[in-house]
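Asks: From first to last, the protein sequence lines are chains V, E, L and C.
Reading the first sequence from the start, the letters are residues 1 to 291 in the working numbering.
Reading the second sequence from the start, the letters are residues 1 to 383 in the working numbering.
Reading the third sequence from the start, the letters are residues 1 to 538 in the working numbering.
Reading the fourth sequence from the start, the letters are residues 1 to 297 in the working numbering.
In short, the hints are calculated from the structure, not lab data.
Idealized CB from N, CA, C, for every residue including glycine.
Keep in mind that the hints are not guaranteed to be accurate.
To be verified - With the C-beta cut set under 7 Å, the calculated list includes, among others, these residues of chain L facing chain C:
1. F317
2. E318
3. Q322
4. L323
5. T387
6. T388
7. K389
8. L393
Said to hold, decoys possible - Not close to chain L: a few residues of chain V, all C-beta gaps over 10 Å, as computed:
9. N14
10. F47
11. F55
12. I82
13. L92
14. F104
15. F228
16. Y250
17. L254
As the list claims (entries may be wrong) - Derived DSSO-like pairs: lysine-lysine, alpha-carbon spacing no greater than 27 Å straight-line:
18. E:K338 / E:K364
19. L:K90 / L:K481
20. L:K159 / L:K124
21. E:K338 / C:K2
22. V:K52 / C:K170
23. L:K454 / L:K297
24. V:K6 / E:K338
25. C:K2 / E:K128
26. V:K78 / V:K52
27. V:K10 / E:K128
28. C:K123 / V:K6
29. L:K414 / L:K363
30. C:K2 / E:K18
31. L:K480 / L:K156
32. E:K11 / C:K2
33. C:K123 / E:K20
34. L:K513 / L:K217
35. C:K2 / V:K10
36. V:K78 / L:K194
37. E:K364 / E:K20
38. L:K340 / L:K414
39. V:K52 / L:K480
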Amino acid sequence: MTRFLKIIVKEVINTFLLVIGVSALLFLLFNMMPGEFLGKGEGVRSFLLLLKRLFTLHFGVSIVSGIDINSIVFPAFKNTLILTVGALFISLLLAVPIGIFSAFRGFKTYSWPLSMLSYIVSSIPVFYFGYLVLYLVSRYTGYLPIYYVQSSGKGSRVLAYMLPILVLGLGNNSICEIVRLITTELDRVISTDYVADSRARGESILASAAGEGILIPLVSIVFSKVPFIIGGAVIVEQVFNWPGMGRLAYQSTLDRDMPVLIVIAFLSVLMVRVGMIARNILLFHLNPREA
Amino acid sequence: MPLIASLGGLKVYFYDQKDKRFIRAVEDASLSIDEGSVLGLVGESGCGKTVTALSMMGLVDSEPGIVGGEFYFRPKGDDRRSVIHAILRGFRESRNYRRGELVNLFYGLENFIEFRHNPFTMIKDNEKWLRRHNRIMEYIRGRNISMIFQNPLRSLNPFTPVGAQLMKTIGRFNHEKDENEIFEMAMGLLRSTLLYNPESIMKMYPGSLSLGMAQRVIIAIALASNPTLLIADEPTSGLDTTNRYRIIDLLETIIDKMNLTLVLISHNIHIVGLIATNVAVMYAGIIVESGGKRDVLGKKHGPKHPYTRALVSSMPTDSDIKRGKRLRVIQGTVPDNKIAIRGCPFIDRCQYAKGKIRRRCREKCPDPVEVGKNHLIRCYLYY
Amino acid sequence: MKQFKRTVFFSVVFILIALCAAPLLFSQETGGTLVYGEYGAPTRLVPILANDSISIRLIELIYGSLVFYDSNGEIQGDLAQRWDIAKDLKTVTFYLRDDVRWHPMPGESEGERFTADDVVKTFKIMMHPNTVTSLQSRYNFIAAVNKIDDYTVQFKLRKPVLNVLGRFSFKILPAYLLQGVSYLRGDEDLSIYKHPIGTGPYMFVSQKGLSSEIVLKAYDAYYLGRPFIDTIIMRPFADQNIITQTLLYGGIDMEIRVPPRDIAEIQGDSRFELNPYSTLSFSFFGYNLRNPVLAIKEVRQAISYAINRQEMLDSFFEGKGQLISGPFAPGSWAYNLDVKPINYSEDMANSLLDRAGFTERTKGIRKRGSYELRFEMVVPISKENETTKRVILAFQNYLAKVGIQVDIKWLEWKAWTEAVFIDHEFDIIYADWIFDDSFDISSLFHSREIGPGKNNFGAYRNPEVDALLDEANTTLDMEKKRTIYRHLHAILAEDVPYTYLWTLTNYAAYNRKVRRVEIHPTRFFTYVREWYIQRGGG
Amino acid sequence: MKRFYYEEEQVDVEEFHVPIYRRASVRDVVSIGFGLFVVAYLFIFYFISITNTFIQNPMDVHIGQMFQRPSFEHLFGTDFLGRDIFSRIVKGTEAFFVPGLLSIVISTSFGLLFGIVTGFYPKILSRIIFYFLNVIDSIPRLILILIIIVLFRPSIYLIMVFAGITSIPKVTVYIQSKVEILKNQRFIEAGKALGLSPGSIILKHIVWLSAKSVLIIHATLGMGEAVLIETSLSYLGFGVQEPDPSWGNMVAMGIDFFFQGRLWLSTIPAVVILTTIMGLYLLGDGLNSIYNEKVSR
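Bound conformation, chain V alone:
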């Protein structure tokens, strides 16, 4: 167990250092901003001030609307978290079966159109895909799945939550990457001896090949997709009026509201690094040789 703890400690330190690096980069960019505003100071002192504010999680005031950033960013962070995790789940839910199916079926009859479909769907530009889904759903179900409609207006609550997650999960070319990775990895593992051996013992191919063939590539890719999904979220939130960090980032870019953007970048980095920690720990757990 001690090796396990060692890994966790190493990861946390690494993340801590990285987060400081990111805040330094953001601070540099922050100071390059033309014009004069509150958080801008000279030299290390104000950098420490920024660090203190970031690490103690109360981020001061946005220069445009004067509202305390905490009250804006945290609900947005929660919403984006829901969206990101949901999208990851949807991508996996679809990509893994297709990947397994095309790995087993190879390039024959109906495995080819399925993986091609996954390529097409995941290459649809997210901004168009969102609107298309919105238009079709509102035309044929009579509900307009906009985040707000459900909170106090007509329209089904589930649909309003589901659609942005579905769109971000399907689009944003995450599915085709996962499908391709699983197909290649699974092919490689199926042809190894130990799978043949376990088949000889009567185990199903999938059970024996799942460990190295699916789980490990999945863990390594899923968490490295977090930054892309947050990026995609910016656009999906814009389309579905989903009050998440992405839309806040877009709005503050329009208003040139740097402090809010810096905080959003900081929280996104936190999300990415937490994902990385989880990834490394899981990988270590699954793959002893990676000690």
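Starting from the known structure of chain V, arrange chains E, L and C on it as the hints suggest.
Replies: Okay, now just chains E, L and C, sitting in the frame of chain V:
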């Protein structure tokens, strides 16, 4: 002793997309395995002995795979009914699917294959055949026949500890047992394969096992489901000499203790000579000679088939080394298995195929002829 | 005789209808929630700082002012009960109501009392030089304010002003929350930024973050009688197209400004009512006369001739608006009807440009010596006014046909206001002016209004116009002022400091269940007290 | 589904036959074919839009002919200002073509440099380099670009420079893993034994022979990402602005008319974006499985 399995006329082809030609892995292999015996299957590498073993286990996936032959096998009591049910699925009339207690696992193969000649074409629905065959073999693999592969380290799942793999296999076959009973059985198995500290081995990952230990674990796992027939494909070739003999002794004790039937596949005739009761010699996809060890390798009147004779003489025994005899090498190479052989495959390298006999050898491959008590030879010398 | 009978008959019928409709009219029910959609989010809910229309509408609900114009244009008292204007028209005293209380702070049941200090404190902060506001120019006619007693306040004016009362419609802030604050820049850490407190008909309840909805509740102790609608919710949208769809699907009950292309769809739907309200504003292309080429009158006239405004109005705004020939709202007393809008004729534009000497053309752009007809147009980025983009691109194309190249530069709202009003780094802009109640255009064209932060961004200087404007501002005779404005209209039409385009009739759309809706052109919610929601939905 | 096998007459198989590329399966042929088709039409569009010979002027407005259906005169119909959509799509390639190449050059060259340095001198140097790369890698790319936009109000070229910078870590990881594998391969040691200078070893053997395939694959995938970034930014209103055409802002403009049923205005550019991204992705994918490189993610 009663037969436990008998392979008749096995024909396994693979297909090379680029050259549009068939790779004739196994041309015509027939074996009969008595219960409790040790059958040694010997032949140079590339003669199809591994493919024969794999087709017995039903693990030949590539196309077209098994295209001919029948494999009669006697499943254990409790699996008999489900195996028969699986075999007869989809067939209204059931002709000779059974011979005594043995059941033909390749039953109905011909319905999936259509042959045409000039040019030689074949249509096989391999997907349907595999789906059907896997359903049949589901009751056979592990339960009745289990198999050991060549390189022990690569046959163990590197991501799960050894113990877990062993217990999982045990658990699969005796559902009713609970956790520590299975643990006990696993320990017992590990001790039975002469591993001295089973507790620590249970927790280790395959990566940190030595070759010898790994092979023993593989054997333990294979026996976990107490099969009736064990196929060992080159179990000793990956090991150094001391381990090699130790594994042979281990196999010998296991067979006696668990009245197991063993099919030992090896290219080393001496290893086979040590423990085999019957021997079958394979060359270029054909079983050229099969019979009791004494008849085939026997000192009294020496090996019969030219290839067997050449094979035996080319392997130096300890006494040869002592006497410093010159090694005798078989000229020529194994014929390319892409080209259909009309005559006897050994014709180019056989020193007896001279004069009149050569003509017969070239036209047609000799059918097996009974020379002694169930001692068959495919050579015109003995017609 | 027949004629007489028919009129009698009609009048009788009419009275009957009125009688039986009366109960319907006056049975206003209390309760219900009004949810209206806005594009974008409000910047600040503090009257002095806010200048975007979204915040202005919310401020109208939350804060009260001394006086206000009612629906048929008369002055009504709000926080002020009585007032009298001294004979020399230079001092105005307001006698305030004593029964007004500020909205309660969150958690308390009752707010502070409203006194004269609040008025004085608000005015002082508003006129403080460091305060970042655009309102100072409108109230610099007031010299000073002093508190007579708790409920009377007196304003000293610099010069007598015609119908001065209309000028006292600025909103009042709670002094007791602004102790120690002498000016407002917007980035202080004040409680009123997070939780605004006012005396208006609706109290601020909650806003869960910048881009989430704002909830307002009716203020029970409102001195002019509690409004009928219980709660009003402002819901910000990130995308203009979604708002109309959300209205159609019942997500919101009212949309402030329906984009022209959606009007047909809403008209066809019986559940909704389209309520046109003219916004007392006009759109124009403004020129920076500091640019020597644009200083030439013929060039500006040529530009006005080169663009086909009627075609743009019809195809981009579905004809929902009216072309204008001068900087006044048509139909108002100041509008000179016999000055016709410039009609579209390309060859007139070309001949004007030739007469101005720009005859040679290189790569399709007219030149005269070193001067080239190439201008930079500065436009605020915002996806919402998709019609703005169509107008600008059409404008660029029309001018390209007559050999004038226009390069478009897109800026955010803040950067755009700086570039236009402070740094004057632009050649042409497309914008619109909103009139306050007194149609005072001196701040647009008077030469003293030139300079950073002032509204005469184009640096238009015309002594005759200056004289006329000063005279108009000082006369107390309404008739004289009208003739001066009509004369100004003729000059400004001919001098073309702006190319006047059109005034748009905006359409508000709301669910039929919302009744007796009266809309104020700019502040929208001024008459919200009359609105009510018919039980039983649409 | 029955499989059909058929054998020609006796054919003597030529002796020496080592397949350099693993024989491409049907899947690879399809994806590379489609990818090359996409690359072809990109070049054609770019060439046409530079010399603007074939297409009408994408900027001129005919208010009379708004929202026209695709006809012979306007291949894809006209948009909300009567401008010809086909010529705007052709001109749209100009928006991301050169910036895309710029981003690829940056990410590939720096990626190669860092990859080799970290591959050969593992200890402290690579740890530092990887630290900085991780810093860049952990900020989501679109948010970093939004920050850049707030700061410098950049043109599409500067945005693509940053897009290139953010994909340096990916290339570095590829190259480093390649170098790790090859470093102690026989033929590298043989080269050292022969006294070849380390520079030539690196350049000739590692870079040219084996890293070439990884770089080509990254170039195609990188171009796909460049298209995605440029169109997303133009959609949000930050990238290429009206009146210059870009697929992103054409979709954005079409969106406003979506709910009136005029779908095709934004569908056409969206479909073009889709085929381009998919084509480039499949090309990279096909090449990858042909060279059989293990592109570790």
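Asks: Check each numbered hint against the structure and report the violated ones by number, ascending.
Replies: Violated hints (numbers, rising): 1, 2, 3, 4, 5, 6, 16, 17, 22, 24, 27, 29, 33, 35, 38 and 39; every other hint is consistent with the structure.
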